[in-house]
Amino acid sequence: MSQVRVRFAPSPTGFFHIGSARTALFNWLYAKHTGGVFVLRIEDTDQARNTDEYLELIYQSLSWLGLKWDEGPKVGGNYGPYLQSQRAGIYKEYLEKLKATGRTYEKDGAIYFKLLGERHEVYDEHRKKTVTKVKNAPAVIDDQIRGRVERVEDEDFVIVRSDGNPVFHFVNVVDDITMNITHVIRGEDHLSNTSKHVELFKAFGAPVPSYAHIPLILKQVGPGKMSKRDQGALIEDYKKRGYIPEAIVNFLCLLGWNPGDNREKMPIEDIIKLFDLPGINQSNARFDDKKLAHMNLAYLLELPQDSFLSLATTILTRANATDALLANPDYFKAVMLLSQPKIKSAEELPKYTAYFFTEDYIHVPEVKAKVMTKGDPKARLTELIEVLSQSDFTNDIAMEESIKALAAKNNLGFGDYQAVARYAVSGTNVGPSLTAMFRILGRDKVLNRMQKTLDS
RNA sequence: GCCCUCAUCGUCUAGCGGCUAGGACAGCGGAUUCUCAAUUCGUUAACCGGGGUUCGAUUCCCCGUGGGGGCACCA
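Residues are numbered in my numbering as their position in the first sequence, beginning at 1, plus a constant of 889.
Take these hints with a grain of salt, some might be off.
[Said to hold, decoys possible] Think about it this way: if two alpha-carbon atoms lie no more than 25 Å apart in a straight line, the pair counts; the simulated BS3-like pairs of lysine-lysine are:
(1) Lys1179 <-> Lys1263
(2) Lys1240 <-> Lys1293
(3) Lys1108 <-> Lys1003
(4) Lys957 <-> Lys1117
(5) Lys1240 <-> Lys1108
(6) Lys1233 <-> Lys1263
(7) Lys957 <-> Lys981
(8) Lys1263 <-> Lys1154
(9) Lys957 <-> Lys986
(10) Lys1231 <-> Lys1293
(11) Lys1233 <-> Lys957
(12) Lys1108 <-> Lys1091
(13) Lys1017 <-> Lys988
(14) Lys1259 <-> Lys1334
(15) Lys1091 <-> Lys1128
(16) Lys1108 <-> Lys1162
(17) Lys988 <-> Lys957
(18) Lys1233 <-> Lys1179
[To be verified] Pair ranges (Cβ atoms, derived):
(19) Ala1287 <-> Gly1149: 46 to 56 Å
(20) Lys996 <-> Arg1040: 41 to 51 Å
(21) Gln1194 <-> Ile1161: 21 to 31 Å
(22) Gly1036 <-> Glu1237: 16 to 26 Å
(23) Ala1325 <-> Gln1120: 33 to 43 Å
(24) Arg1152 <-> Ala1287: 22 to 32 Å
(25) Lys996 <-> Arg1130: 48 to 58 Å
(26) Ala1026 <-> Arg1130: 48 to 58 Å
(27) Gln1120 <-> Ala999: 34 to 44 Å
(28) Arg1130 <-> Leu1226: 36 to 46 Å
(29) Pro1156 <-> Asn1337: 46 to 56 Å
(30) Gln1120 <-> Gln1279: 51 to 61 Å
(31) Val1047 <-> Thr1206: 45 to 55 Å
(32) Gln1279 <-> Gly955: 47 to 57 Å
Calculated from the structure, these hints are not laboratory results. Think of the CB as a built atom: it goes at the ideal place given N, C-alpha and C, for glycine as much as any other residue.
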């Protein structure tokens, strides 16, 4: 059997979104699973809507997700060029082939593909005009996911616009032929188009590729499929928010596919091993950002220190605390590693760690109202300052012991001191372990902040 | 309107004629704990409806209903 060749063929007409990412992913997985070739082809025939910015975003997003293409722009290959805008010669050549067999005609300056069969006029309700229908045999699609699908293509269709540019259906098929594509894995929104494509393959005398139409991702709220405008749709956003690409990939695999057992979080190598086209679901899946967030957290907790630190640096730098960050790398590292197991997503980092980098941190009024009114908070702060000024700030266990001793002496619990201390030092009631926080902040900051709270 | 397609907890799904219908996320309750998370234990919750086929249907068939997609000189 010849080598599997699949392609992902996006058009640079908008942001790269979750649905495109999953289509790319499934193609990539199938190539990896079969030892085949993953081709990236850019369908930029819509000159009015293409932009270089979107093109670049395709490359960046695929790379970020770890979906390396074996052939395509930037990496080359034997079937190029891989931008449709550079393949005009090939399309012309193939158009001639069709013309030579009498399968085209011109109308209103455009070139149509001519179906074989009897013709008759019919009024089309939908388009409010009379159209010519062709009595044609159904095209049979042997879909790896949906089984046998039949659809009659009963109208001639445009393959070259009056401005001379070939349209999607035509270039898509010509490229699949000339690039030796064996399997077409794409969204179900193309299922109805497939009959056109099958007609073209047959007209060219080319073998029809194996099809696999994957279900669509539906928007989280409201009707319809996910689009670029929907909340949570853009890959770019997840990158900005510090999501972990492996988590997104893992999540996307589970949207319409499963390993056959109850595993969910699993290494990509295992997924590659088990992935196959017939195992893909037939029904659409609704996007769920909560589950994605959960998957991201699972990956975040296991992220190696150096990876986490570089992620944290990216996030924090963007959040403008740059000077304070660069001032002391060891301090930065300590703060971030203290926070890693506590946050749900890297995007929380700037807010979560703000008080480590400035004296001008926010004191949450609600927390103040809650914490600084119970018992005698000022007395407790005074006691804490007394005890802590004798403490070894490199030893958080010892600090904890001395605060516990202080609490016990006054018939109180550690928690009674913890709350006021935390508020004084961080302005809030959430954060990492109290004395570990002390250790990293250091004696001066801790005592000063407590004193300042006392004086206010 | 026409064509294609899909249908199990709120969501993602397992199930491929006989199961106490399983798991995960979310939710709820408990444990743990210095807060918040994490962790852990428990728990609520589903076979769209109607006909068949069959000894027996979540599972097979048909019809409804509902969802999704397509019907361009967009891709």
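Evaluated hints:
1. Lys1179 <-> Lys1263: With a Cα-Cα distance of about 36 Å, the restraint between Lys1179 and Lys1263 is violated, given a limit of 25 Å.
2. Lys1240 <-> Lys1293: 29 Å, violated
3. Lys1108 <-> Lys1003: Given that 25 Å is the threshold and the Cα spacing comes to 38 Å, the pair is violated.
4. Lys957 <-> Lys1117: 23 Å, holds
5. Lys1240 <-> Lys1108: 29 Å, violated
6. Lys1233 <-> Lys1263: 30 Å, violated
7. Lys957 <-> Lys981: Violated. Lys957 to Lys981 sits at ~31 Å, over the 25 Å cutoff.
8. Lys1263 <-> Lys1154: 44 Å, violated
9. Lys957 <-> Lys986: 34 Å, violated
10. Lys1231 <-> Lys1293: 23 Å, holds
11. Lys1233 <-> Lys957: Outside the cut-off at roughly 29 Å; violated.
12. Lys1108 <-> Lys1091: 36 Å, violated
13. Lys1017 <-> Lys988: Since the Cα atoms of Lys1017 and Lys988 sit roughly 31 Å apart, the hinted pair is violated (cutoff 25 Å).
14. Lys1259 <-> Lys1334: 23 Å, holds
15. Lys1091 <-> Lys1128: With a Cα-Cα distance of about 43 Å, the restraint between Lys1091 and Lys1128 is violated, given a limit of 25 Å.
16. Lys1108 <-> Lys1162: Roughly 30 Å separates the two Cα atoms, so the pair is violated.
17. Lys988 <-> Lys957: 38 Å, violated
18. Lys1233 <-> Lys1179: 11 Å, holds
19. Ala1287 <-> Gly1149: 46 to 56 Å: 52 Å, holds
20. Lys996 <-> Arg1040: 41 to 51 Å: 24 Å, violated
21. Gln1194 <-> Ile1161: 21 to 31 Å: 27 Å, holds
22. Gly1036 <-> Glu1237: 16 to 26 Å: 46 Å, violated
23. Ala1325 <-> Gln1120: 33 to 43 Å: 36 Å, holds
24. Arg1152 <-> Ala1287: 22 to 32 Å: 43 Å, violated
25. Lys996 <-> Arg1130: 48 to 58 Å: Holds: the Cβ-Cβ distance is about 50 Å, inside 48 to 58 Å.
26. Ala1026 <-> Arg1130: 48 to 58 Å: Because 51 Å falls inside the window, the suggested range holds.
27. Gln1120 <-> Ala999: 34 to 44 Å: Given range 34 to 44 Å: holds, Cβ gap about 39 Å.
28. Arg1130 <-> Leu1226: 36 to 46 Å: Violated: the Cβ-Cβ distance is about 20 Å, outside 36 to 46 Å.
29. Pro1156 <-> Asn1337: 46 to 56 Å: 47 Å, holds
30. Gln1120 <-> Gln1279: 51 to 61 Å: This hint holds: roughly 53 Å between Cβ atoms.
31. Val1047 <-> Thr1206: 45 to 55 Å: Since Val1047 and Thr1206 have Cβ atoms about 50 Å apart, the given range 45 to 55 Å holds.
32. Gln1279 <-> Gly955: 47 to 57 Å: Holds: the Cβ-Cβ distance is about 52 Å, inside 47 to 57 Å.
Of the numbered hints listed earlier, those contradicted by the structure are 1, 2, 3, 5, 6, 7, 8, 9, 11, 12, 13, 15, 16, 17, 20, 22, 24 and 28.
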